[in-house]
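Novice: Residue numbers (the numbering used here), protein chains in the order written: chain P, 1 to 573; chain G, 1 to 346; chain Y, 1 to 367.
The set of hints was computed from the structure by calculation and includes no laboratory data. Fair warning: there could be bad hints in the mix.
[Claimed, not checked] In the DSS-like style, the derived pairs of lysine-lysine whose C-alpha atoms are separated by at most 25 Å in a straight line are:
no. : chain 1 : residue 1 : chain 2 : residue 2
1   : Y       : Lys68     : P       : Lys286
2   : Y       : Lys275    : Y       : Lys160
3   : Y       : Lys252    : Y       : Lys275
4   : G       : Lys293    : G       : Lys72
5   : P       : Lys356    : G       : Lys247
6   : G       : Lys180    : G       : Lys202
7   : Y       : Lys18     : P       : Lys401
8   : G       : Lys336    : G       : Lys206
9   : G       : Lys180    : G       : Lys206
10  : G       : Lys139    : G       : Lys48
11  : P       : Lys163    : G       : Lys202
12  : G       : Lys346    : P       : Lys163
13  : G       : Lys211    : G       : Lys346
14  : G       : Lys73     : P       : Lys356
15  : G       : Lys72     : P       : Lys356
16  : Y       : Lys68     : Y       : Lys160
[Stated by the list, open to error] Coverage of chain G stretches by chain P, computed from C-beta distances (three or more under 8 Å per stretch; other residues unrestricted):
no. : region
17  : 41-52
18  : 176-190
19  : 248-257
Virtual Cβ for every residue (Gly too), placed ideally from N, Cα, C.
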Amino acid sequence: MSAENTSSKGLAWWGAGGLLRRQVAPQIGWLLIVIVVGFAVVWPIVQLQYRAFIDGGSAFTRMGELPRIGDTVRTTVILAFMSSALAVLVGTFLAWCASLLPRRVQKFGELAPLLPLIVPAVAAVTGWIFLLSPKVGYLNMMLRQLPLLSGLEEGPFDIYTVKWIVLITGMLLSSFVYVFVHTGLKNMGQELEAAAAACGASPVRILFTVTLPLLRPSIIFAAGVVFLLGMGQFTAPLLLGRTSRIDVLTTEMFHLTLRYPIDYGLGAALGFPILIAGFIVVMLQKLALGEQRRYVVVSARSKYDARSTRWWAAGVIGLYLLVTTVLPLLALTYVSLSPFWSGSLVMTELTTRHWKSVLDNPVLVNAVWTSIKTSVIAIAILIPLGFGMAFALLQSTRIFKPIRMAIDFLATLPMAVPASLMGFGLLFAYTRPPIQIYGTAAVLVVTYITLMIGHSTRLQFTTLVATGQEFLEASKACGGGALRSLLQILLPLCRKGIGATAALTFVLLFHEFSASLMVRSARTQVIGSVMYDVWTGGVYSEVAVLALIMVLVTVIGVMIAVWIGGSESLKKI
Amino acid sequence: MKQLDTILPGLGRFALATAVLATTLTAAFAPSSVSAQQSWNNVLAAAKKEGKVVLYSATPPSLGNRLVAGFKKAYPDIDIEFTRGPSGEILTKVGQEQSGGVDGADVFISTELEWFRARAKEGKLLKPVGPEAATWPAKYIREGSVITAGLEPLTIVYNTKLIGANPPTSYADMLRPEYKGRLGTSELASTLLIAWYDWLEKTQGKDYLQKLRAQNPKLYNGTTPLAQSLAAGEIAVGAFGNITAFKTLMDQGAPVKYVLPNPGLGFEYAMGGLAWSRRPNAALVLMDYVMSKAGQTAWSGTGEGASPRTDVPGAIPAAAITAWDSSAYPPEVVNKYRAYWSGIFK
Amino acid sequence: MQELKVEALVKQYPGRDKVIAVNNVDIEVQAGEMLVLLGPSGCGKTTLLRCVAGLEDAQQGKITLEGKAVFDASIQFNQPTHLRDIGMVFQNYSLWPHMTVQRNVEYPLRARGVAASERDKRVKDVLEVVQCGHLTDRLPAMLSGGQQQRIALARALAPKPKIMLLDEPLSNLDALLRVELRAHLRAIHREVGFTGIYVTHDQIEAFNLGTRVAVMRAGKIEQLGTAREVYDRPATEYVAKFLGIRNVLALKAEGGWMSDAGRLEGDLGILSAHKGPLQMYVRPDAVHMSAGGEAAPSGGSFSLGGGRVVDALYSGGEIDYVLDVGGQTLYVSTHSAKTAFNPGDAVRVNFAHRDALIYSNDKLVSG
Ligand SMILES: Nc1ncnc2c1ncn2[C@@H]1O[C@H](COP(=O)(O)OP(=O)(O)OP(=O)(O)O)[C@@H](O)[C@H]1O
Ligand SMILES: [Mg+2]
């Protein structure tokens with residue numbers, strides 16, 4: 001160091017580039033985010049887990065005494081593992097197929113694997129029950145018309161089996177995998193594959209040596225997410241698992257809530273393994289992914305459409321769409337127009353009375369509006385918040401490390417807690433001081449934000465990683481200040497990713513019911529909770545009507561989100 | 001009133017409490033029916049001022065909707081907000097509302113009798129003071145404030161298309177060889193089911209459950225999914241069900257019939273006004289309506305259940321129903337029984 | 001006055017291997033001067049530029065632009081990049097894919113609040129300079145690599161910044177275009193008078209453009225001097241090697257001077273001051289050949305006998321020979337006007353004292 005430098009000038013505290021302004025001032029903003037989000041996320045979980053650990057953790061003793069608890073935990077892990085493995089396989093394969101789509105069907109074909117997401121899980125599983133109930137499933141009945149199978153009285157498929165729970169859960173989750181892997185593939189561009197082709201590699205070889213390794217972060221990330229969703233999901237086990245006597249942790253938790261007095265401590269204790277698994281998964285993800293930047297592919301998006309295209313790829317995607325979406329929706333539509341789920345395909349008795357009664361029901365119309373309003377408000381908060389948090393995660397130097405770690409933690413924690421469990425925590429948290437917002441629409445918004453902040457952050461993080469820092473640096477070097485850089489460079493570049501995040505968030509929120517159930521009130525019903533009510537105490541035809549309405553609104557919502565997020569950028573690229 | 005309530009919540013609540021206290025006292029010590037009528041009129045007036053009442057109920061949606069519609073007709077000046085949900089969920093909410101002191105339910109209807117008993121012992125339930133309470137059979141008011149608002153028998157159900165002649169009439173019939181693999185029953189979805197299985201063993205013989213298990217029944221998560229499957233023909237006979245679930249299907253023309261087995265078991269819905277309610281007068285009015293002839297007709301006049309009243313056309317006579325005794329199933333018993341049941345059925 | 005001054009700068013990247021990409025670098029660039037930064041891949045050129053731009057937080061040192069400190073580790077001061085009035089061409093261009101060429105180039109002007117009319121004119125002019133006037137409405141993805149590079153250059157030039165940081169701005173262009181643009185750059189440089197650092201791998205470019213040249217090695221400045229100085233007198237063997245001086249003789253004093261190519265002959269007087277091992281670097285074009293039978297020239301030259309032509313490569317006006325001298329390979333390039341040799345011919349090689357760069361302990365000791 002030169003003598004000049006060591007002269008006692010003192011530290012540069014303020015002024016452009018000074019320590020306080022450069023280092024400390026931004027931290028205050030981040031710190032604020034950490035505190036607010038931290039409260040929203042941690043407080044309900046503390047409220048809940050506290051109940052598991054009081055009395056010296058006697059809840060865990062009670063859990064140990066549950067009948068077949070070992071089996072239950074094992075089943076949970078195995079189901080989650082198998083269905084997420086299936087989801088990763090199918091989702092990745094679909095993404096690869098989508099990249100091989102002929103140009104004429106490319107645009108629709110790339111969207112098609114996302115369509116299963118628009119069907120709420122309860123509706124999808126119910127649709128599958130209509131199709132594949134061993135005796136009266138429509139598909140089974142049709143298959144029994146075939147000469148080979150005509151001897152059968154039931155089957156050939158029995159949906160009430162582990163195999164089908166795994167299959168259906170896997171199919172439901174594969175869309176999530178597709179979301180991540182497909183984006184990864186798109187960001188990668190074709191030049192790297194073209195380079196491999198130029199080295200003489202066959203398409204399959206390219207897939208295994210270039211494409212998949214480069215997609216590793218997307219795939220690992222997606223695998224983690226779907227594994228967590230698989231651990232926390234309970235629609236299929238609840239609707240299908242009963243008959244074949246399959247219990248998972250979430251169904252155990254669900255059953256707890258049906259008894260008086262409710263053992264919340266036990267519920268929290270049951271959720272604890274899921275929480276732990278969630279943490280392990282996220283840590284493994286971190287370990288496996290290492291330095292995210294390593295995978296930043298310099299996105300010289302190619303102008304050459306050098307892809308080799310295959311028509312069979314369109315066939316695969318078409319088949320997937322048919323099986324996962326079209327068939328269940330057809331079954332739902334048919335049942336919605338029947339007086340009741342009749343188990344026969346006689347078209348004479350079709351009626352619209354369920355549609356009428358549902359649409360005439362002011363509670364339902366209100367619920368749809370409440371759902372839309374609260375989801376939209378929540379998304380309006382979630383997107384910038386998640387964007388900010390994702391941005392903070394990407395900054396390696398400017399943000400105080402503990403703050404960055406806290407943000408990382410807060411973006412992870414909500415993903416590790418199943419919504420059904422979080423619902424109780426939220427109820428405990430917001431019925432008492434300091435923030436007593438229970439019974440208002442605000443509590444729904446807070447609930448949604450708590451549930452989704454993890455997804456919002458992670459999804460936008462992948463977008464930001466794929467976008468790369470270099471564009472931001474170029475802007476700074478051109479004299480662009482923070483605001484200009486954000487508005488003119490970063491946001492437009494991430495627009496598609498943000499749009500996709502908004503769309504996915506909307507879908508998940510619009511279908512959410514397990515946490516909403518706990519915090520709703522008569523005036524703040526959401527569509528998911530209404531659907532749940534009908535499902536527990538009504539006729540399946542009405543369930544079908546509601547499901548179709550949800551599908552319809554979801555489609556509209558997604559179209560709006562994509563339109564805001566991507567129409568222009570879609571055109572440009 | 002609303003404004004007052006928001007501006008001066010404490011004061012507003014205090015005023016209300018005094019009003020209720022006053023009316024309750026008047027009612028309790030009323031020497032003649034004239035002044036009872038007078039004090040009830042005061043409650044009505046106060047309820048009108050309160051403007052609305054919030055009902056949480058675990059009854060099936062159709063039943064709840066009938067009650068709400070009837071109440072609206074009877075008391076057009078009082079708004080009614082209705083939340084339906086599974087007992088556990090609304091129980092949790094009510095508990096949280098109480099401990100957090102937040103505005104929520106005024107009247108609560110559920111099958112969890114023990115919860116009501118506990119609250120009544122703590123003095124946390126409103127004493128019903130309306131004219132209907134005076135004539136309500138004493139057997140159906142527990143601890144002075146837990147009202148049995150309706151009873152339902154458990155039924156056996158079958159699909160008429162699949163079971164023509166010789167339908168099942170008793171639980172013993174569930175063991176008929178021709179029903180093997182065509183039978184449905186329910187998972188231990190609530191304490192009621194535990195009581196029911198326990199009762200089956202006690203009345204049908206120690207090995208009944210083993211035999212039932214040998215029939216390889218499909219297990220459903222409560223009545224509704226079982227009912228749908230039965231109507232569709234996936235199963236031919238259901239061993240467990242309450243009438244409401246099947247009634248809705250029968251109304252749609254589904255080939256479903258139910259029979260009341262003898263001996264049989266039933267359950268009751270308890271109703272209570274919550275003492276921490278922000279609208280105690282309206283709560284009393286709603287309770288009074290539910291207990292009225294009109295309310296009870298809405299509840300069980302369709303034949304879905306029984307009324308403690310004897311003057312409800314179409315209702316099943318209450319005397320025919322033995323309701324399960326919820327006090328016999330505290331958590332320890334429940335957990336033990338679950339383990340036992342799982343051992344047989346899983 | 002120094003427009004750009006870097007003092008004792010140290011930049012270490014975080015991570016497991018803790019690369020010290022810039023290690024105690026001092027540089028001064030005079031007003032209006034364009035300093036050329038030369039160095040092999042990975043030696044820290046880009047990192048140094050990024051520090052100057054303020055895109056990295058260095059651990060130690062101080063950076064001054066136009067007399068104002070923009071970075072000072074001792075007082076933890078680091079002025080944000082956008083306030084530094086710099087222009088920068090990134091090695092990977094970093095054109096914004098969502099903006100047209102026009103929008104890309106006018107961005108720095110907008111950021112500086114230049115009026116619209118002035119802006120259009122400047123964009124037009126600067127695009128003319130880089131010969132991309134016809135591309136205004138294209139998106140970067142629709143440009144060739146070279147075009148993208150030129151747009152990146154235009155974007156940096158457009159606001160006429162005081163400080164220019166150019167990270168291999170011409171690397172992707174064909175020879176003709178490169179020469180042409182280099183000339184343009186020189187002209188603009190003269191006209192605008194910016195102060196700049198220009199990173200390149202290409203020594204011809206370096207000597208062509210730079211008033212002074214700095215050669216970097218593993219994060220340090222190995223030599224800094226005028227283009228002539230560096231060319232004529234590479235301060236260390238590293239620089240000599242980097243400049244492509246391919247003939248190296250490792251000399252040992254064994255009763256005269258022995259090398260792998262045999263005993264050094266000719267006029268050895270100037271080596272008498274040295275005892276230890278010496279490294280002698282000679283450019284191929286400074287080596288002359290004579291027929292194998294001839295004697296070593298008498299004065300002012302070194303000579304090696306016993307050579308044999310292995311290969312002769314004709315390239316335009318020159319012939320490049322590959323020789324085997326006592327088992328060591330030497331390279332000679334000559335103008336073909338002189339007598340030609342054929343593979344297999346026995347030859348003697350001679351080179352003048354002034355063309356021999358002699359290093360002792362990695363220090364230049366000749367001349
Ligand atoms: N972000 C980073 N993290 C860690 N190490 C880095 C990072 N960026 C560069 N390096 C390392 O720092 C050293 C200097 O890199 P730099 O990019 O400055 O080299 P360069 O001289 O510009 O090379 P080139 O001529 O190939 O562009 C290299 O060893 C490189 O591996
Ligand atoms: Mg570089």
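Novice: Could you run down the list of hints and mark each one as holding or not?
Specialist: Structure-based check of each hint:
1. Y:Lys68 with P:Lys286: violated (42 Å)
2. Y:Lys275 with Y:Lys160: violated (55 Å)
3. Y:Lys252 with Y:Lys275: At roughly 8 Å apart (the allowed maximum being 25 Å), Y:Lys275 and Y:Lys252 satisfy the hint.
4. G:Lys293 with G:Lys72: holds (15 Å)
5. P:Lys356 with G:Lys247: OK: P:Lys356 and G:Lys247 at ~20 Å, within 25 Å.
6. G:Lys180 with G:Lys202: Answer holds: G:Lys180 to G:Lys202 is near 23 Å, not above 25 Å.
7. Y:Lys18 with P:Lys401: Holds. Y:Lys18 to P:Lys401 sits at ~18 Å (cutoff 25 Å).
8. G:Lys336 with G:Lys206: Holds. G:Lys336 to G:Lys206 sits at ~17 Å (cutoff 25 Å).
9. G:Lys180 with G:Lys206: holds (20 Å)
10. G:Lys139 with G:Lys48: Since the Cα atoms of G:Lys139 and G:Lys48 sit roughly 31 Å apart, the hinted pair is violated (cutoff 25 Å).
11. P:Lys163 with G:Lys202: violated (37 Å)
12. G:Lys346 with P:Lys163: Roughly 18 Å separates the two Cα atoms, so the pair holds.
13. G:Lys211 with G:Lys346: holds (14 Å)
14. G:Lys73 with P:Lys356: Answer holds: G:Lys73 to P:Lys356 is near 23 Å, not above 25 Å.
15. G:Lys72 with P:Lys356: holds (22 Å)
16. Y:Lys68 with Y:Lys160: Between Y:Lys68 and Y:Lys160 the Cα gap is close to 19 Å, so the pair holds against 25 Å.
17. 41-52: violated (count 0)
18. 176-190: Three-residue rule met by the region 176-190 of chain G, so holds; n is 4.
19. 248-257: holds (count 5)
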